[in-house]
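A.B. asks: Residues per chain are reported as follows:
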Amino acid sequence: MNMRKLKEFIIEKLILLSGLASIFFVILIFLFLMKEGLALFNTIKVSAFLLGKSWYPISEPPLLGILPLILGSLLVTAGATVISIPIGVGAAIYIAEIAPGALKEILKGGIELLAAIPSVVLGFVGMVTLVPLVKNVFHLPTGLTALSGSIMLAFMAMPTIVSIAEDALYSIPKNYKEGALALGATHWQAIHRVMLPAASSGILAAIMLGIGRVIGETMAVMMITGNAAVIPQSILVPVRTLTATVAAEMGEAVVGSEHYFALFAIGIVLFIISFIINVTADLFLHKRQ
Amino acid sequence: MSKIITKNLNLWYANFHAIKSVNACFEANRITAVIGPSGCGKSTLLRVFNRMNDLIEGVRTDGEVLVDGENILGAHTDLVELRKKVGMVFQRPNPFPLSIYENIVFGERIHHGFIRRYELDEIVENSLKSVLLWDELKDELKEPALRLSLEQKQRLCIARLIAGKPDVLLMDEPCSTLDPQGTSRVEELMRELKNNYTIIIVTHNMQQAARVSDDTGFMLLGELVEFGKTEKIFTAPEDKRTEDYITGRYG
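If you're matching them up, the sequences are chains A and B in order.
Number 6 in the numbering used here belongs to position 6 of the first sequence; there are no gaps in the numbering.
Number 467 in the numbering used here belongs to position 178 of the second sequence; there are no gaps in the numbering.
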């Protein structure tokens, strides 16, 4: 009897421990990020960091303005969002409502497969196919542009958007559709007048999570956006994103230098952006229930 | 006058013969109840009249269903027009997750592109008045319809239906989720509506059929066993099976 109780006790505590561990590590990461990142602001003002127009970390003295990087990230993300929302939501509607049984399963499998492709592979494929295409279509000196990054990232956001939006559409009560059809609505009228509004919060959450995936992506953008840390004037020029900057420069930054601290500060900025996106998505998801 | 006539109507779900050679006339401005035990095909029969069975894969029908003299089973039937004429109230009230107002004008909006605001207002007022909800809801038309009570929701669904001026109201167990007071108020409403509409109600509640209907059909295993005046079906049924059912020997 006592043996059994002891066993129960130990298992319970072990599970508790693993639960606490995840929170513990998040807090540790956060504190470390803060400690290293905030050290930058002893020498530079926050506004000079966020709004500075030049990123020359190895000039003397270093110029550490990340506005070009923020704009690069936003531009690539905005482009990817514009491309992936209509295609993703359209695919979700098709899978949830229109596709016949067998095709539906094939499409769902395909979407899952798309999610399983490592981003470096997508980046590589983009580099040898998409980049020359963009270069030729728009007659550019280089195809390594924000647009190429946007198109590639749209592929990465799509699985998230499709599967969550499809789930949202699938889980609305069947009798909404029946009711609309019984009033003489066509299938499309039932979808866009009743089903889409009913699933709207789930679809918005899907979009937010898709955006979250895009803004945090590193490898593919580093390979195909050209990595020029200048303020972009159009979507057809090379840009550099926040993530690519950290990935590319962390290895060569001298530990304890301003450059090193600045890369951590970029980490904080990314952390805050992702946090806001995830909280927004969560709010939409909870509104649905 | 006969509003709906079925001639030798058969229906199969894949290999299951759900409706067997049904011949019946549903009269205008009367309430016809279709009763029978679960699975007898009464809901399926109702769903033939507005072709809702089309949503189910593998459904096959033959025979004729004449609505105002026109066979609606043909491939050329305009389902939008049919469903505008033959409306349906479902077992579970299914207002859309929109405002009360938008629920009622839903049909108007999908069938006519642009409508003037005052015309819509008028439709909302008239429809809500005819289901006796106007006084309760006139100040909260912008509220979400999902906040209403079950009975209010069901009335709203009826209001939404009659806003489109149908001829026939099909009601599939419209009171089965309501409490006794709600049920009796919806029945009262049905009696009022029958002056303007042809009402066909499917119910497994025999007392309800006896209370509200003028004509009754009894279905069993896909067959329409007996069809006639409600009084006669409930007091002097001709078929032994009908008698057994209404006296509660099975079902």
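Source of the hints: derived by calculation from the structure; they are not laboratory data.
Don't take every hint at face value.
Said to hold, decoys possible - Dumping the calculated DSSO-like pairs for lysine-lysine here, alpha-carbon to alpha-carbon at most 27 Å:
| no. | chain 1 | residue 1 | chain 2 | residue 2 |
| --- | --- | --- | --- | --- |
| 1 | B | K521 | A | K177 |
| 2 | B | K521 | A | K287 |
| 3 | B | K454 | B | K427 |
| 4 | B | K483 | B | K529 |
| 5 | B | K431 | A | K174 |
| 6 | B | K431 | A | K177 |
| 7 | B | K296 | A | K174 |
| 8 | A | K174 | B | K529 |
| 9 | B | K521 | B | K454 |
| 10 | B | K483 | B | K521 |
| 11 | A | K174 | A | K104 |
| 12 | B | K418 | B | K296 |
| 13 | A | K177 | B | K518 |
| 14 | B | K529 | B | K309 |
| 15 | B | K454 | A | K177 |
| 16 | A | K174 | B | K521 |
| 17 | B | K483 | B | K374 |
| 18 | A | K287 | A | K177 |
A.B. asks: Run every hint past the structure and note whether it holds.
C.D. replies: For each hint, the structure was consulted:
no. : hint            : verdict
1   : B/K521 x A/K177 : 39 Å, violated
2   : B/K521 x A/K287 : 54 Å, violated
3   : B/K454 x B/K427 : 21 Å, holds
4   : B/K483 x B/K529 : 31 Å, violated
5   : B/K431 x A/K174 : 24 Å, holds
6   : B/K431 x A/K177 : 22 Å, holds
7   : B/K296 x A/K174 : 32 Å, violated
8   : A/K174 x B/K529 : 39 Å, violated
9   : B/K521 x B/K454 : 32 Å, violated
10  : B/K483 x B/K521 : 20 Å, holds
11  : A/K174 x A/K104 : 18 Å, holds
12  : B/K418 x B/K296 : 37 Å, violated
13  : A/K177 x B/K518 : 35 Å, violated
14  : B/K529 x B/K309 : 19 Å, holds
15  : B/K454 x A/K177 : 21 Å, holds
16  : A/K174 x B/K521 : 39 Å, violated
17  : B/K483 x B/K374 : 15 Å, holds
18  : A/K287 x A/K177 : 21 Å, holds
Violated hints for the displayed structure, listed by number in ascending order: 1, 2, 4, 7, 8, 9, 12, 13 and 16.
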